[in-house]
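Visitor: Here is what each chain is made of, one letter per residue.
There are 4 protein chains.
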Amino acid sequence: MVVILKKNAPAEQVEQFQSWLAEHYQLEIHESIGQNCTLLGLVGDTTRVDIDLLQAMEIVENVRRIGEPYKFVNRKMHPQDTVVDCGGVPIGGGHFTIVAGPCSVESEEQILYVAQRVKAAGAGLLRGGAFKPRTSPYAFQGLRGEGIRLLLEAKKATGLPIVTEIMDLSQLPLFADVDVIQVGARNMQNFELLKELGHCKKPILLKRGLANTLQELLMSAEYILAGGNEQVILCERGLRTFETATRNTLDLSCVPLIHELSHLPVMVDPSHATGHARLVEPMALAAAAGGADALMIEVHNDPTHAVSDGAQSLTPDAFDLVAKKVFAVYDCAKNLK
Amino acid sequence: MVVILKKNAPAEQVEQFQSWLAEHYQLEIHESIGQNCTLLGLVGDTTRVDIDLLQAMEIVENVRRIGEPYKFVNRKMHPQDTVVDCGGVPIGGGHFTIVAGPCSVESEEQILYVAQRVKAAGAGLLRGGAFKPRTSPYAFQGLRGEGIRLLLEAKKATGLPIVTEIMDLSQLPLFADVDVIQVGARNMQNFELLKELGHCKKPILLKRGLANTLQELLMSAEYILAGGNEQVILCERGLRTFETATRNTLDLSCVPLIHELSHLPVMVDPSHATGHARLVEPMALAAAAGGADALMIEVHNDPTHAVSDGAQSLTPDAFDLVAKKVFAVYDCAKNLK
Amino acid sequence: MVVILKKNAPAEQVEQFQSWLAEHYQLEIHESIGQNCTLLGLVGDTTRVDIDLLQAMEIVENVRRIGEPYKFVNRKMHPQDTVVDCGGVPIGGGHFTIVAGPCSVESEEQILYVAQRVKAAGAGLLRGGAFKPRTSPYAFQGLRGEGIRLLLEAKKATGLPIVTEIMDLSQLPLFADVDVIQVGARNMQNFELLKELGHCKKPILLKRGLANTLQELLMSAEYILAGGNEQVILCERGLRTFETATRNTLDLSCVPLIHELSHLPVMVDPSHATGHARLVEPMALAAAAGGADALMIEVHNDPTHAVSDGAQSLTPDAFDLVAKKVFAVYDCAKNLK
Amino acid sequence: MVVILKKNAPAEQVEQFQSWLAEHYQLEIHESIGQNCTLLGLVGDTTRVDIDLLQAMEIVENVRRIGEPYKFVNRKMHPQDTVVDCGGVPIGGGHFTIVAGPCSVESEEQILYVAQRVKAAGAGLLRGGAFKPRTSPYAFQGLRGEGIRLLLEAKKATGLPIVTEIMDLSQLPLFADVDVIQVGARNMQNFELLKELGHCKKPILLKRGLANTLQELLMSAEYILAGGNEQVILCERGLRTFETATRNTLDLSCVPLIHELSHLPVMVDPSHATGHARLVEPMALAAAAGGADALMIEVHNDPTHAVSDGAQSLTPDAFDLVAKKVFAVYDCAKNLK
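Chains as they are written, first to last, in our numbering: chain A, 61 to 397; chain B, 61 to 397; chain C, 61 to 397; chain D, 61 to 397.
One chain only, chain A, in its complex shape (with noise of 0.2 Å):
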């Protein structure tokens, strides 16, 4: 981090400003005279130093932050890919799957017939909400403790294991024969809710929130990697931007840079993100080829009639052939690595 005092900055506050820096936040002062201005350059750990709070200091003119706000999840510090066991599918690291399934756990003849085609289409696990996050008050809620009870049934009638969304802290001990935990984008900053997520031994799928960046995204990884979790999966499901032709913007482009930035695996949703279901075959190519460790396609054995999302969800029939072609080209480019 460095820190540009002004021009007229009285030696003697600036002197009281190092020791304070140096104290407050355990760093090493580098100074630098200069004719115009005078440099600091902070060492050591700045992850806790708070730009906004020393930019309003009067002798700042100006705070520069050099290295990321975040250590666990930073590839600096782990240079390796992560690879996270799904309940026994691993993700990341050159393992490649789909997850699919309904939006909404409907009822166990609906769950059990998705969860076999999708699994005979090639999907490594089966998603399908049982606490559903809704806009309106008056829009189905979920299924709730039964869709978990659902989901189960069909992981045992098909070996997949399962994916689904908790939406409150109070919902976890109904969480345990899950395999994965889905942390929604609306919840991606109830940081009450990653804390306790990072003393559990689950893999996490979290979900980035509309209107979060890149690096907020990671400090909530953070959060989970710092309660001792490491089993972190991230996933990308569209941007709220002025465009209203699709629901949300996909940001493909994080993809690549979360690759940078950190070891977890990055997932992409494509049927949220473009919200209708014939986007999602181009998207989830589009995906496969930039480098996605995974997807998340919504399945729905009658897409008109589900209670919730059902504009972009496929039928079994057309995930047997987005499946398909989702591989093809995730090998394709993958060879071609």
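Read the hints as simulated data drawn from the structure, not as lab findings. A hint or two may mislead.
Derived list of chain B stretches under chain A, where covered just means 3 residues or more per stretch with a C-beta under 8 Å from a C-beta of chain A [claimed, not checked]:
# : segment
1 : 162 to 176
2 : 239 to 250
Using C-beta positions, here's what the derived DEER-type ranges look like [unchecked claim]:
#  : chain 1 : residue 1 : chain 2 : residue 2 : range
3  : D       : R338      : A       : E72       : 52 to 62 Å
4  : B       : I111      : C       : R108      : 26 to 36 Å
5  : A       : G148      : C       : Q275      : 42 to 52 Å
6  : C       : K136      : B       : R338      : 52 to 62 Å
7  : C       : A388      : A       : E88       : 26 to 36 Å
8  : C       : L381      : A       : D112      : 40 to 50 Å
9  : B       : P233      : A       : P233      : 12 to 22 Å
10 : D       : M137      : C       : E168      : 38 to 48 Å
11 : A       : E88       : D       : E72       : 25 to 35 Å
12 : C       : L381      : B       : W80       : 49 to 59 Å
Ideal Cβ positions, reconstructed from N, Cα and C, are used throughout, including at glycine.
Knowing the structure of chain A, use the given hints to seat chains B, C and D on it.
Guide: Chains B, C and D only, in chain A's frame:
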């Protein structure tokens, strides 16, 4: 709600679709056959209709919502302004006040001093963070339960009702003596929390998320009102945009818009919105002139040593001046009406 | 277009409004009287109807557009793909190519060398900036007329058709021998320029503005087609969002969406979109897999000494590899279809 | 500007880099060697340094700009407020005015009537569009030369100086008698136009682009001032964000921020920013209280029959009231300072 059907939609499917709509959502359907398309007018409570689902159906060309998807927060259902009683201090319906205090409660001495100063300057409520949502796991996370205890001490000493933020449902018992419970921007769509607060008898201060539309804010308030709690204040604190010169972009036009759409009072928080102490005064004056029912302003005894958000806090002396000007401008604008 | 009238709209005003609509816009009006509101279906060419104006009228509750506001770019009017002939190289309708070259033309030696290298790597067209839009008046503004002369030299030497950007109408005479005229993102809504290019017989490469919707992009293309020039290629080069980790956010989902809405070919420019040379390869592969008809990639002989956009340029050696992979992934994805 | 070099940057390359920097940009270099990295402080005119280029170099870890990239618009170079003389009406430095008139000039009768009414209400300048940038090629494009003639008639009749928009350089000769030339939001980065207006002797009203940062706005003004024309007024008219309840999101906090960074006056246009006539009053009052030097407000004799932007125009009667309130709030806020 209007559903536009495709030109060549088979009559049989159209009939089936109409029956399904009527039954599934308990609606009355008005058909209007034009040269190029058939329009269906849906009459009744359309708040539960899933537009995305309808749009995904093969015979549907397009769907347009006409009414609003919320009821209890809708001014059409409740024409007169709601006045929220915040521990004896009214907000809304012509009652204006300033909520002031530090971002974080840091010590008894600090919170008592600030409480006395903001009271003397004319503030109606005291704010102070006990549970602090922080992007970094390494940043100060608040005094938590102890913070609430100190706020109650300050309340006892000054008589100012207190506002403080809840971060998780499990903290609710600690809020028994708090006057107004704040739901932070990151929790605006924490629906489990909102549902629970709907059963609570206290005023709720609901902050707009950084990337949430006005309609989503109203839908989140609807969760609380639908649960039976009508004491809700909405708070604008800036949107996340491409502009980086300010922390966020304050969306002041939401104030008159919310007043049109809803009966709930609107607070503006220029401190969080701008992130710069020196922008607080002009934006506070703008909000007061533009129709806000209340302001929330950060005041800290010693901003350069604040443990959080020091850069945007006013000193008590600066707040004296800002408060004086704010009341003068508010009165001037009000008397013109 | 559907106009929803207010419940209590006086019959006389409704009648007057209908006559005005019919006459002013030459439309047929279908009235449908429901219990709660009256719907007017507007049939005919509604592209000229000013929605904002209708919405401002007292008796109007709401207005919804059903059709698209463009004609000539609409796939409904022109179902088969347009193939644009770029100086002998086709783009669109299954013809894929890469446009490559430096951000700015800097010298004869530079442009000749780069042209030879990108041709050898398989590029179909040469790009190079002669007129450069730069945020700062102190930055390099391009070689201007001399730059175009050098591009023509490179064309003569290699046979590659050339693409270069026009910044102002007054420069048009200098573009007589240019194969494809590029309209930059900042000029996407320079309507006087678009009108003039509509009368021109050359292919136009129209880049999407940083903050323009897909619909606005199509409307700008409509200006050109309405003038009589149907040779238009649309180019996605990233949106301006809150994310600062990349220069812009590449909106790849616009590729399949434009293919649905329009018959015009779509190019993707991963260099400008990401702003980082090391993100060009993954995003180029993603675009090729996701259905783009062409790519634009910046290649510079010596990126660290480029006078503009060096940070995002590939070296010729790096481009060799990227081009090879792009063609392989494109072929793989195409053969799956 | 500070350049942070990588830990292991070879001494020889560092030396070479320093020589190149010093020579290429004519800068003085201050080296500061720390434990983890080497900092280079760049002293001199760094406005021309290409940050992206430096960042792409192998030995560079990071680059941070400290100073602003503009000179002539910088308040540091010109501490006192610029007062722009708009045909006899001053704007800036404590001189406040309202610019009012219709979006488009439609007829002699219309513009004369509106001019008389806004003058009577206290407006200082008359606005009216002759050349109209419209998203659709099928929308009204303005009366063009004839529109300017009618504005000059209105000026003769009322004495109000006139403001109107230029869309292309070729139109400049028609602006000989216009008092203030407006550059619209879509042309904010039409650099060829800005350069030419730098050589012109008339005040320029430069509107901020929908997706342009404050810094880009100041850089565009720098183009004009660098050419020798210091009579520039900046105008905020809303940003493009994800919020669709208003046409754009008015960024009022840019007013005090520009006043800090620059000496140029700032106008606010609540009509275009909000797009709704009924939001004009509260946002006009907010702008007046928040420090704007001028307002631009659309007034039309018959908004429901306006050929453009009727939805956001006030009637002359409504404007009478708004103007009265605006002047009262402006005076109240000013007298408090």
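Visitor: Tell me the hint numbers this structure goes against, listed in increasing order.
Guide: Structure breaks hints 1, 7.
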